[in-house]
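Model the full structure from these sequences, guided by the hints.
Protein chains: 2
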Amino acid sequence: MRTIEWDEEKDSIKLIDQTLLPAEYDILECKALEQLIDAIQRLKVRGAPALGAAGAFGVVLACINEKSKSDIIKEVERLKKARPTAVNLSYGVNRALNAAMRGRTTQEMKTHALEEAQRIADEDVAMNKKIGDYGSELLENGDVVLTHCNAGRLACVDWGTALGVIRTAVQKGKRIEVIACETRPLNQGSRITTWELLQDEIPVTLIADSMSAAVMREGKVNKVIVGADRVVKEGVINKIGTYMHAVVAKEHNIPFYVATPLSSFDLKRSYKEVEIEERSPEELIFFGGKQIAPLDVKVYNPAFDFTPFALIAAVITEKGIWSKL
Amino acid sequence: MRTIEWDEEKDSIKLIDQTLLPAEYDILECKALEQLIDAIQRLKVRGAPALGAAGAFGVVLACINEKSKSDIIKEVERLKKARPTAVNLSYGVNRALNAAMRGRTTQEMKTHALEEAQRIADEDVAMNKKIGDYGSELLENGDVVLTHCNAGRLACVDWGTALGVIRTAVQKGKRIEVIACETRPLNQGSRITTWELLQDEIPVTLIADSMSAAVMREGKVNKVIVGADRVVKEGVINKIGTYMHAVVAKEHNIPFYVATPLSSFDLKRSYKEVEIEERSPEELIFFGGKQIAPLDVKVYNPAFDFTPFALIAAVITEKGIWSKL
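Read top to bottom, the protein sequences are chains A and B. Counting from 1, position 286 in the first sequence corresponds to residue 285 in numbering that gives the first Met the number 0; the numbering is continuous, with no gaps. Counting from 1, position 103 in the second sequence corresponds to residue 102 in numbering that gives the first Met the number 0; the numbering is continuous, with no gaps.
Any given hint could turn out to be false.
Chain copies aren't distinguished; within one or between two, either way the pair holds.
Stated by the list, open to error - Think about it this way: if two alpha-carbon atoms lie no more than 25 Å apart in a straight line, the pair counts; the simulated PhoX-like pairs of lysine-lysine are: (1) LYS271 to LYS249; (2) LYS318 to LYS129; (3) LYS249 to LYS219; (4) LYS43 to LYS289; (5) LYS129 to LYS9; (6) LYS13 to LYS66; (7) LYS249 to LYS79; (8) LYS43 to LYS318; (9) LYS318 to LYS68; (10) LYS232 to LYS13; (11) LYS249 to LYS128; (12) LYS219 to LYS129; (13) LYS249 to LYS68; (14) LYS297 to LYS219; (15) LYS219 to LYS43; (16) LYS173 to LYS297; (17) LYS318 to LYS73; (18) LYS232 to LYS219; (19) LYS219 to LYS271.
Treat the hints as calculated values from the structure; they're not laboratory data.
In structure tokens, the structure reads:
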């Protein structure tokens, strides 16, 4: 199944609970908007593109459960705020809400919202397939590609951006191996990227983030591909650790690629104007319920970092590849 | 107390159990050699210099518990193999054993072994103080120093190598702040380095390893100091992640220092001849008892990496500083 889908029979949202992976594969059913908001806040569904679809399907739930247009509008406002920094969530909500408002009855509103939500989900998959098509030309048979965090199908509706490029290359018959960095502190690399790739039988080796320079020096990697949270005028904002990988890739003359849809482009803005989300110290003080640092230690825990274009060999989008000459 | 000490009253070894830190501070008492071997294998006592003292004190236990010289020799052979890659363990055992063999009665053997073990422990502290004296001249008032893993007093008998340099600088009245990298996969940075520094009231901020490049780009760090497991003819072998920090430090023109006693020098050997210990995949698949990666994922988990001298501004030893012009 896709990361997030509409269940026609039960009139509910089905989504893969990403917090339980890889130990458990569990499908969460959301019939009430409250359940969806909770799932978003707890990162049961995550990844900017996936959140766009989640927002749109959430509007369908509101159309089913609320009696009036004003109630629907009020409810989806709460949904938009579930994670305020994710632009795609508001974008998905707004598109489905605008469609819903064209209906006269609640049934019509639901139908319009659902059509729009399905369109968003399908567009996302199509976009990722195009990114995969363009990006796969950069990969050669036998490449070992290092990736960070999860820019895979679970960050999107399906296929993925960085991992989509790898999937398409494999589909075209190229033999590709992946090195997945665990991605501290939330371990999306160890938990989700490795799981996705094993599902698809693409060879993957897990390493700690700090090992990337060593594996490059040892000649174990020849390309790097990551996703992006936002592309600004001087470079790319992505999961913390991306900049480190880009610097060490340059030191070893390894091309560093970013795969991302144009919807993440925000070229009028400087990276200096983008607020880097700082997450809770507890992510570094506790792990799996175990205390791993003094409770009173000061922690710096930015969720993202900035990588200048000078370190990026190419940005792969659904409209083609931006690359340095 | 020191990391490891002899308890005169109880005729036993006392050591700080490093696996329980920082949640619990517990002193482990070893009256039997078996307990010490277990403590070494479980990393309750760790760090090359500390293992030297542990080996020597272990010989004292053997002198107390065994009846004949041949039994003592047989028992301490097992101790040497508790962690075969740590040179210092064998070194400490051999020195104390040679001293013991000069005795005629078991009481004399014990006395000689204990004197030698105390000498090793005292020498280690004195060496670290000298490293601290030399190294502290490289630090200026107001410096923010990044460190990796634990090259502190708990890796030694007392004071520490990399953290010893910081301690001496602070003692000389310099205001120094530390950024401690958590050091995956065993988190010696978050568990031990932060704890040590908080004990000494030296300001410390914990980050994930992958954040080091970002904090450097943001101007939050101006020096790096780490320890060393072995200094070979082309550079330094140290905890995995050290090389990554060295590469990103160079990119940001931040001096990268190594603090280590001459006993870790092995300049006749090339890094290519040194076997890099690969540790269990479980260190990356489980954390705090929780599964964080698919059970069948392939893992690459080297415990150390190699950093060439070209990236190292100076090596601080107890005899002075080796530095590039």
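- Please name the hints from earlier in the document that this structure breaks, with their numbers sorted from lowest to highest. The structure conflicts with hints 5, 7, 8, 9, 10, 11, 12, 13, 15 and 17, although it agrees with all the remaining ones.
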